[in-house]
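Colleague: Residue-level listing of the chains:
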Amino acid sequence: MSLSPSIAPAPDTPENVEASNVAGIDVGGTFTDLVLYDSRSRTVRLAKTPTTLDNQAYGVLKALELAETDLRTLDLIVHGTTTTTNAVLERTLCKTGMITTEGFRDVLELGRRTRPNPYGMKGEFKPVIPRDLRLEVPERLYADGTVRLALDEAAFRDAVKRLLDEGCEALVIHFLHSYANPAHEQRAGEIAAEFWPNDNITLGHSLLSESREFERGVTAAINASVQPLLRRYVDRLADQLSEKGYRHDVLVMNGNGGMVSARRVAMEAAKTVMSGPASGVMAAAYTGRRAGIPNLLTYDMGGTSTDVALIRNAEPAVSNEIEIEYAMPIHVPMVDVRTVGAGGGSIARITEAGLLQVGPESAGSTPGPICYGRGGEDPTISDANLLLGRMNPEKLNSVSGTVVLADIEAIFAEKLGQPLGLGAREAAAAVLRIANTRMADAVRMVSVSLGEDPRDYALFAFGGAGPLHATAIARELGVPRVLVPSRPGITNALGCVVADLRHDFVNTVNKPLAELDIGAVHALFDQQAAEGRALIEKEKVEIEELREIYSVDMQFIGQTHLLRVPLSGPRPTLEELQKLFEEAYFNRFRVELPEIKASLVNVNCSVIGRRAEIDLSLLIDPAARKNRLEEALTGHRQVWFNGPVETPIYWRDHLPLAAKIQGPAIVEQMDTTIVIDPGDKAVQDADGNIIIELGAGA
Amino acid sequence: MTIDPITLSVIQSGLQQVCDEMDLSFSRAAFSPVIAEANDRSDGIYSAEDGSLISQGAGGLPVFVGTMQYSTRTLIEMIGDGRVPAPEPGDIYIVNDPYLGGTHLMDVRFAMPFYRDGEIFCWLSNTGHWPDTGGAVPGGFSASATSVEQEGLRLPPVRLFKKGKLDGEIYSIICSNIRVSEQRIGDVKAQAAALLVGEERLNRILDRYGDGVVKEAIAELRQRAADQMRANVRLIPDGTYTSIAYVDSDGVVNEPLEIRLAITAQDGELTFDFTGSSKPCMGPMNSVLATTLSSVYLAMRHIFPDVPISAGAFEPLKVLRPEGTFLDAQYPRPVSGCAAEVSQRIAEAVFAALVEALPDRVTAAPAGSSGNFALGGFDPAHNRSFVMYQISGGGYGGNSDHDGLSNGCSTIGISKAPPVEIMEQQFPVLYHRYALREGSGGAGKHRGGFGLDYEIELLRGHATASFVMDHGRFGPQGALGGKDGKPNSVTVWQDGKAMVPEHLSKAQDIPLTPGDRVRVGTPGGGGYGDPDHRDPALVAEDVRLGRYTSEEAKSLFG
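Protein sequences, first through last, are from chains A and B.
To convert, note that position 186 of the first sequence is 186 in the numbering used here; the numbers rise steadily by one, no gaps.
To convert, note that position 306 of the second sequence is 306 in the numbering used here; the numbers rise steadily by one, no gaps.
Here chain A stands alone, though its shape is the one from the complex (with noise of 0.2 Å):
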């Protein structure tokens, strides 16, 4: 049995400093965001500039120099990229050869097709790696790891050879029932790296030690095919920042929250992607906990998408079976983010039965909504939260010189208002009702698919439109309260300053609880938490608290799915693992099945290295706070909640930090804009967080 990751970290020595000068930057699609941290001086700098595409690294660089931060004395960088992200999704991937089992090359692009689409029989699928450089080899293994026929290794040369001469940057090397036995992918592994020009070598085992051929080569290829890229660019990255005078580490976000030094984030790429959703689902973790309010549904909403969370008691829920699109899964454990929808950029329409529709029709970010002044006619999200007041009318101006209100009030009344026989205003209110309620009942899917009622928790509302709809979503599910951070337009990038260090351990057992030796799975435990330590105390980062999570995934005996059960410690006894598993299936589907046996799966334990605690009241400048509620209120204006109703304005950044603010209010900030719904109470706790007790409502 192998533990994940099995990869053994580069050779270093400790040398912890002092992490008290931390910088978090976050590469987005649109905006590279920088959060700097300085505890000594007690301050915080924040940047956003336009993310450089073709590379990424000046955009980082331009951060940082935007911030006025001297490299020199900077403690820490961590550092959120979207590099591999986008490449998978973009298919702009390197070339990469797989070897594989005789029978089996075609398993990448076979799948377990279903369709992309449940309905509709049209639709296309693009392997990871082309046909042409997927090669086979002899070798082959039972399912239960014996061999039945032994590594051809003059094959596995030739065939090694063939794909460097095709110009392959990169190699898989997947056997099926690797996970059982690893000996032929090992043993292919060292051939390879006699003559393999660089460390780019993917042996299917070693991210996943899963059976389902699929879904393992398809980790395995991405993990491949995007590692040199990866390699690159933190290579330059941190070539540039010690050019500059930068003397530390830098470290990189992983998907599963944690972050990983630079040196050894290629070797497991794969973890990467997904990066910057889950930072800033810890951000929320980490405010949430802070903030007494552990339990959340976070809610983060931006032009072109929106993404939904699930954290309970302060941790987020985690997965190991992410798709990030169709037949894609990349099968290692990452913060369990889903997409729900379009963002603000969502398109709303007359359907043929005359329905108002939102969605799932994106404008983008080109044209993007009308109100970008890029060209753009369709009716969107955004364009009704302009006309209704909901977001400062005069930003229109600052944000494009071309529209003006009165264009989007035209297409509102004539492409929805006259077949709804509605105004303009009206039948922007609409599109938001609508809009909001497909929202909430997509974050209620989440919620429901990981066993939660929404109800029990509270809305973090993030991302530069989360904050706008929030409110009518938590009323739509029944949730009390919303919590607004402080700079919900950079959570992601404040994720990579919270982030902890982190490693998560799964191991197969695959055994009825009648047959199972407590002690093995004892034993497992101390080895995946030994390991876990082991791999911290390698990383150059001053550590608060090194804690454990131990948990099960089990199943009735005969079934397929898993259910997650969390434990209190590495000792659980028998009779207590089938009545929590018990109580937590009635709990997740009220059924009780006394007749049906339990059997356990998979044995899982998160290291995690928490850092110093951050002071999260110095993301918005202390000294820019007023004294007085009146003093933050830069104006009133028409904003429409069930009609126009005249609002006061506030400046987020005047808020006294106790500030109590009835609704109807709007905040406004740098970043987003906060809607308090009338009857609404929002209080400023002592971290800076807006938080909004519901009312009965509007």
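Watch out, some of these pointers could steer you wrong.
[To be verified] Partial list, computed: chain B residues near chain A (C-beta under 10 Å):
| id | residue |
| --- | --- |
| 1 | Ala-136 |
| 2 | Ala-192 |
| 3 | Thr-264 |
| 4 | Phe-351 |
| 5 | Phe-386 |
| 6 | Asp-401 |
| 7 | Gly-404 |
| 8 | Ala-435 |
| 9 | Ser-550 |
| 10 | Lys-554 |
[What the hints assert, rightly or not] Straight line, CA to CA, 25 Å or less: simulated DSS-like cross-link-like pairs of lysine-lysine:
| id | chain 1 | residue 1 | chain 2 | residue 2 |
| --- | --- | --- | --- | --- |
| 11 | A | Lys-126 | A | Lys-244 |
| 12 | A | Lys-660 | A | Lys-626 |
| 13 | A | Lys-579 | A | Lys-511 |
| 14 | B | Lys-416 | A | Lys-126 |
| 15 | B | Lys-318 | B | Lys-279 |
| 16 | B | Lys-165 | A | Lys-597 |
[Said to hold, decoys possible] Just some of the chain B residues that point at chain A, by a computed CB distance under 7 Å:
| id | residue |
| --- | --- |
| 17 | Ser-13 |
| 18 | Phe-31 |
| 19 | Glu-37 |
| 20 | Ile-185 |
| 21 | Ala-193 |
| 22 | Ala-231 |
| 23 | Leu-235 |
| 24 | Gly-239 |
| 25 | Pro-366 |
| 26 | Ile-422 |
Source of the hints: derived by calculation from the structure; they are not laboratory data.
Ideal placement from N, C-alpha and C gives every residue a C-beta, glycine not left out.
Based on the hints, put chain B in the right spot on chain A.
Modeller: Same frame as chain A, now just chain B:
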């Protein structure tokens, strides 16, 4: 109309959400991998008056589009005339009788009356495919059955739950007649619990908007779905469109069965006439009426996926009852093949008839088979009997936009194929290949997708192999000048000697001993458009990637 269009949209998505949550709950709690993994289940809301479909879960198995409204309607009628006892709150009926608005026996339906103020407001119903319901062969797909009794236990509508409590007496009768009965309790409870989830969610919607408003919304949504389907149907120029599709054989008599379809488009309505199709058959390739109707609906939904599933959407689609044909089977005709195979041939007939009228929306014929291969036997290493199912996809049809998908799932399903590694863990078999079936895609401007080519060896013990597949005689049809995809092929090696089943795609209980092998090639999709018009660069690319040999490419694409 007094209800505003915005509230209407909100209620529409609310009803959809109720069904989606039922689907989710059912799949996640179910034991049967057919339900839990392959999502071979569906949940919906049906009217109290006549069982017509109000809303159905988006992730339900496509072939169940429509069927449950017939089973619910039949149940309501039977309660009305006293053949079935009237319900009380908390009762749940179970029924799997194919002739009472069903599919095959394995699709077990639950129906629960939903009450408001003591009156039935609507019905909640779901269907799940049970792994076994008794009968001659494990799993229920007997290729040589000649009456429904040989296919398994047939349940008329009976109240399995009475006032919320499982009736142990009825349940024990069921359990005494099916295989692996000890795990079915998990599916039964999951199926019932899903209905209770629906009840709770629907109550919340009614409490919020009021019973009257929701009732009015349901009527209005039905009307609008009908309007939307009519608007879509008007894209088809008035006229009559015909097609023929073939089922290889019924599994007993080795002759093809013909589906003759004439679709007449007029004034935003389509009439489907199957006159001239084959007579009811001896073997299990008969279709019951509900399945025939549902197959037409699902084909139309593949063509117009934006129209929400509701009884209104079906209104403009008039299907003339195909009396006297194998598409309207009566008791005791065997029907196990109707949901998995005949339904797909009906859909193919619809596609083939309409592809010229709607060349941008309809594809050439897809593989259109569930590819059911069952291996049952004894594994001495684990000292136990086993039944293994290998379902598989095939090539999809080329279309106006691109080549067909390779190894797509069945037209009527959304099921994932099982991983080779899991199959080898659980059963005494070894796969020699699991590969793209080279050369199988039908030639065309946009060629068909490729089928699957797999070969399995029995490692130990003994076993028998059964096949319920199709398209072995004729490949999936090309369209607009495109060529047919390659037909399905099955070869069995016994003691080193190759044998092809007499019925090509159907066979039952072929004995295997260790070392014997089975090789299956699933159909390629039909090609779309004249192969001579294919971009030569794409032809070259297919040859470079080994999808066709250069000789094949030369003869197919010129």
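Colleague: Now look at each hint and say whether the structure bears it out.
Modeller: Each hint, compared with the structure:
1. Here the hint on Ala-136 (chain B) is broken, as its CB sits about 24 Å from the closest CB of chain A, past 10 Å.
2. With its C-beta approaching chain A no nearer than about 9 Å, Ala-192 (chain B) sits inside the 10 Å limit, and its interface hint holds.
3. Interface hint at Thr-264 (chain B): violated, since its Cβ lies 22 Å from the closest Cβ of chain A, which is beyond the 10 Å cut-off.
4. Taken as an interface hint, Phe-351 (chain B) checks out: its beta carbon lies about 8 Å from the nearest beta carbon of chain A, inside 10 Å.
5. Taken as an interface hint, Phe-386 (chain B) does not check out: its beta carbon lies about 14 Å from the nearest beta carbon of chain A, beyond 10 Å.
6. Among the interface hints, the one on Asp-401 (chain B) holds; its C-beta lies about 6 Å from the nearest C-beta in chain A, closer than the 10 Å criterion.
7. Because the beta carbon of Gly-404 (chain B) sits about 8 Å from the nearest beta carbon in chain A, less than 10 Å, this interface hint is met.
8. Checking Ala-435 (chain B) against chain A by beta carbon gives a least distance of about 5 Å; that is within 10 Å, so the hint holds.
9. A hinted interface residue such as Ser-550 (chain B) counts as satisfied when its beta carbon comes closer than 10 Å to some beta carbon of chain A; here the least separation is about 14 Å, so the hint is violated.
10. For the restraint placing Lys-554 (chain B) at the interface with chain A, the shortest Cβ-Cβ distance is roughly 20 Å, beyond the 10 Å limit, so the hint is violated.
11. A hinted pair counts as satisfied when its Cα atoms are at most 25 Å apart, and Lys-126 (chain A) with Lys-244 (chain A) does not qualify at roughly 42 Å.
12. A distance of roughly 13 Å separates the Cα atoms of Lys-660 (chain A) and Lys-626 (chain A); the hinted pair therefore holds under the 25 Å criterion.
13. For the hint linking Lys-579 (chain A) to Lys-511 (chain A), the alpha-carbon distance of about 17 Å falls within 25 Å, and the restraint holds.
14. Restraint check for Lys-416 (chain B) and Lys-126 (chain A): satisfied, since their Cα atoms lie roughly 18 Å apart, inside the 25 Å limit.
15. In summary, the hint linking Lys-318 (chain B) to Lys-279 (chain B) is supported, as the alpha carbons are separated by about 21 Å, within the 25 Å threshold.
16. Distance hint between Lys-165 (chain B) and Lys-597 (chain A) is fulfilled; the C-alpha atoms sit about 22 Å from each other, no more than 25 Å.
17. Nearest Cβ of chain A to the Cβ of Ser-13 (chain B): about 6 Å, under the 7 Å cut. The hint holds.
18. Here the hint on Phe-31 (chain B) is kept, as its CB sits about 5 Å from the closest CB of chain A, short of 7 Å.
19. About 5 Å separates the beta-carbon of Glu-37 (chain B) from the nearest beta-carbon of chain A, less than 7 Å, and the hint is met.
20. Proximity of Ile-185 (chain B) to chain A holds as hinted, the smallest CB-CB distance being about 5 Å (cut-off 7 Å).
21. A distance limit of 7 Å between C-beta atoms decides the matter here; for Ala-193 (chain B) the minimum to chain A is near 5 Å, and the interface restraint holds.
22. For the restraint placing Ala-231 (chain B) at the interface with chain A, the shortest Cβ-Cβ distance is roughly 4 Å, inside the 7 Å limit, so the hint holds.
23. At its closest, the beta carbon of Leu-235 (chain B) sits 11 Å from a beta carbon of chain A; the interface hint therefore is violated under the 7 Å criterion.
24. Hint status for Gly-239 (chain B) relative to chain A: violated, with the closest Cβ pair at about 22 Å, above 7 Å.
25. Interface hint status for Pro-366 (chain B): upheld, as the beta-carbon distance to the closest one in chain A is roughly 6 Å, under 7 Å.
26. Evaluation of the Ile-422 (chain B) hint against chain A yields a held restraint, the C-beta minimum of about 6 Å falling below 7 Å.
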